[in-house]
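Construct all of the structure, not just a fragment, from the sequences and the given hints.
In the order they appear, the protein sequences are chains A and B. Note that UniProt numbering gives residue 9 to position 9 of the first sequence, counting from 1, and the numbers run on in steps of one. Note that UniProt numbering gives residue 257 to position 257 of the second sequence, counting from 1, and the numbers run on in steps of one.
Hints may contain errors.
Remember, identical chains collapse to one label, so a pair may be satisfied in a single copy or spanning two.
To be verified - Listed below are the simulated DSS-like cross-link pairs for lysine-lysine, each with C-alpha atoms no more than 25 Å apart in a straight line: (1) 267 x 252; (2) 267 x 61; (3) 216 x 142; (4) 35 x 176.
Just so you know, these hints were derived from the structure itself, not from any lab.
Here's the letter readout for the chains.
2 protein chains.
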Amino acid sequence: MGTEELPGLVRDESKQRRLKIGIVGFGNFGQFLAKTFVKYADVYGINRSDKSNAAKQIGAKFYPSYDVANFLKNNLDVIIMCTSVISFEQMLGTLPKDQLRDCLLVDVLSVKMHPKEVMMTSLPPSTDILCTHPMFGPESGKYSWQGLSFVFDKVRISNPKRADQFLSIWDSERCKMVEMPCELHDEYAANSQFITHLMGRILGQQGLRRTPIDTKGFENVLNLVETTCLDSFDLFYSLYKYNVNSEETLRKLRESFALVERQIAAKEAYIAARAEIAMDERTNLLEECRAIIKEALATSTLQGATSDALVRKLLADRLDEEQKKGGQPQQEQQGGKQV
Amino acid sequence: MGTEELPGLVRDESKQRRLKIGIVGFGNFGQFLAKTFVKYADVYGINRSDKSNAAKQIGAKFYPSYDVANFLKNNLDVIIMCTSVISFEQMLGTLPKDQLRDCLLVDVLSVKMHPKEVMMTSLPPSTDILCTHPMFGPESGKYSWQGLSFVFDKVRISNPKRADQFLSIWDSERCKMVEMPCELHDEYAANSQFITHLMGRILGQQGLRRTPIDTKGFENVLNLVETTCLDSFDLFYSLYKYNVNSEETLRKLRESFALVERQIAAKEAYIAARAEIAMDERTNLLEECRAIIKEALATSTLQGATSDALVRKLLADRLDEEQKKGGQPQQEQQGGKQV
Numbered sequence: 001m002g003t004e005e006l007p008g009l010v011r012d013e014s015k016q017r018r019l020k021i022g023i024v025g026f027g028n029f030g031q032f033l034a035k036t037f038v039k040y041a042d043v044y045g046i047n048r049s050d051k052s053n054a055a056k057q058i059g060a061k062f063y064p065s066y067d068v069a070n071f072l073k074n075n076l077d078v079i080i081m082c083t084s085v086i087s088f089e090q091m092l093g094t095l096p097k098d099q100l101r102d103c104l105l106v107d108v109l110s111v112k113m114h115p116k117e118v119m120m121t122s123l124p125p126s127t128d129i130l131c132t133h134p135m136f137g138p139e140s141g142k143y144s145w146q147g148l149s150f151v152f153d154k155v156r157i158s159n160p161k162r163a164d165q166f167l168s169i170w171d172s173e174r175c176k177m178v179e180m181p182c183e184l185h186d187e188y189a190a191n192s193q194f195i196t197h198l199m200g201r202i203l204g205q206q207g208l209r210r211t212p213i214d215t216k217g218f219e220n221v222l223n224l225v226e227t228t229c230l231d232s233f234d235l236f237y238s239l240y241k242y243n244v245n246s247e248e249t250l251r252k253l254r255e256s257f258a259l260v261e262r263q264i265a266a267k268e269a270y271i272a273a274r275a276e277i278a279m280d281e282r283t284n285l286l287e288e289c290r291a292i293i294k295e296a297l298a299t300s301t302l303q304g305a306t307s308d309a310l311v312r313k314l315l316a317d318r319l320d321e322e323q324k325k326g327g328q329p330q331q332e333q334q335g336g337k338q339v
Numbered sequence: 001m002g003t004e005e006l007p008g009l010v011r012d013e014s015k016q017r018r019l020k021i022g023i024v025g026f027g028n029f030g031q032f033l034a035k036t037f038v039k040y041a042d043v044y045g046i047n048r049s050d051k052s053n054a055a056k057q058i059g060a061k062f063y064p065s066y067d068v069a070n071f072l073k074n075n076l077d078v079i080i081m082c083t084s085v086i087s088f089e090q091m092l093g094t095l096p097k098d099q100l101r102d103c104l105l106v107d108v109l110s111v112k113m114h115p116k117e118v119m120m121t122s123l124p125p126s127t128d129i130l131c132t133h134p135m136f137g138p139e140s141g142k143y144s145w146q147g148l149s150f151v152f153d154k155v156r157i158s159n160p161k162r163a164d165q166f167l168s169i170w171d172s173e174r175c176k177m178v179e180m181p182c183e184l185h186d187e188y189a190a191n192s193q194f195i196t197h198l199m200g201r202i203l204g205q206q207g208l209r210r211t212p213i214d215t216k217g218f219e220n221v222l223n224l225v226e227t228t229c230l231d232s233f234d235l236f237y238s239l240y241k242y243n244v245n246s247e248e249t250l251r252k253l254r255e256s257f258a259l260v261e262r263q264i265a266a267k268e269a270y271i272a273a274r275a276e277i278a279m280d281e282r283t284n285l286l287e288e289c290r291a292i293i294k295e296a297l298a299t300s301t302l303q304g305a306t307s308d309a310l311v312r313k314l315l316a317d318r319l320d321e322e323q324k325k326g327g328q329p330q331q332e333q334q335g336g337k338q339v
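Printed below as a string of structure tokens:
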């Protein structure tokens, strides 16, 4: 876990045989990787629809899906699955397993436990498995991969030299190399990536616009919506469906929403109750005053001129008593009122 | 509406009589304003608890709440209410209305229709009313007010010179002067300030932490939580309770949450249905093939050596037919997969 410099890797690829890398799924993301891979390796792409022109421009060899037999005849060192999360299992199923015995199989999905389990279950025991999550894409990594996070887990590696040679591509491109178990990745992701997408999707439906009185906090909200709503619903769905932790994240968020609504209701009730009690106390006080005045008036018929002073004393005593009780603060202090 | 330069204001206060400004509620925010006001005006503070030391340091004269009569004997030009939203109405009620006839009453609350209505209802018709929302406070305006938004609405002004002299303080401090009706302020605020606080409060309960694999979107989430959860629950409650638009904002957000959950459920159902249909079609295809083979075998007993070719032709016809039907795409293209 954490960032690693991978100091043991040999960066000078001239001393090594060039890797042969097969890319299964030669769409946007597959082509994006191929553009960099060709600097370090021979690249072969395979895709259902024709991408031969794109492959030619990049300098990769292209095969249509039905020609998988010839694609695999290239003695590929590494096969990297560039499919969506949803179609990953099905796509892996289209590859003849017995021809993958000597390969390193790599995935690049945004969830990690799912592809790990699928590959562990369906691949021959001699196939090496490397689970990765390049946390960037054609947009964010358009000009450079420098400083962008590359998460990886050496799930099952019998040929460490080959795996390291493949990893050295990302390291040479100055990615931030983050080695992390698939399980931990998904734990983190549910409480960062998924919650971000969830909030972004919910807020994205509010039709929010910039106003002349935007606060800094609201700028953050707008940025959040912008960064997440560009991504497909399929990706969002995958972050939910194929990460065991996401359901709990969704549940907690739903609960917190309800809790905030309950807190508002409780505050309303509290303020109403306080106002009622204050009113009751005022009524009681007035009644007591009335009784005192009656008493004073009764006394005054006996004692004449001292009645005024007596009323004043009785009232003062009563008010003093009230004050000692404390009562409610008249005024709330302003803390961080302004926003 | 929009920013204004207020070009007509006379900035050189030496040509004008110094204003006498009374601050009702001499807590954090009242003191914060007083520190700047003393540069332009004589400042008088009144507060329930004793703030005479703070007032002395600032250069203002202090009165305890019970001494409101003497506080008002200063012939105040402007009285600015620095209370919380919740206690605003009650605090205004403690001022003897007939002594406010010749004053300009100002509020600084984060909601605007509520104080406008309270002041319009309870103040004498000759009292001038200016509703304002300085969108900053002791933290953000610690060193300078330059560029910070000051929203105001001249609700009822019979003495424009006095109001302009008061506004010129904010303008001289280089605030971004935003003149806007209270109603529009609250419309904007419900869809910016309130929604920001609501999201911040909900997310604040998730116990989110930075992880080694944070995305830019998640940074926005963390910033949102940090900027909103410093503010009091009372402020959040006020943004809800005292802005007529906030209930609708809360309702829409609750609906969007439910909608996203329904979208997830719909996607699950869709994928399951597609898988089922694909399985059904495969079963049908196999059964038809079986029938064709039986037919071919039956024919072969009659025609001998041509049976192989016949089976091949029948199967090819059937598969061709299937292909024309189209079927489901095997593979989903990767759009903005990575995040």
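Okay, the hints, checked on the actual structure:
1. Taking the closest pair of Cα atoms, residue 267 and residue 252 come within 25 Å of each other both inside a single copy (22 Å) and across two copies (22 Å).
2. With identical chains, the CA atoms of residue 267 and residue 61 are never at most 25 Å apart, being 67 Å at best within one copy and 35 Å at best between copies.
3. Only between protomers do residue 216 and residue 142 lie at most 25 Å apart by alpha-carbon distance; the minimum there is 16 Å, versus 29 Å within a single protomer.
4. Taking the closest pair of Cα atoms, residue 35 and residue 176 come within 25 Å of each other only inside a single copy of the chain (19 Å); across copies the shortest separation is 48 Å, beyond that limit.
The structure fails hint 2 only (numbered hints given earlier).
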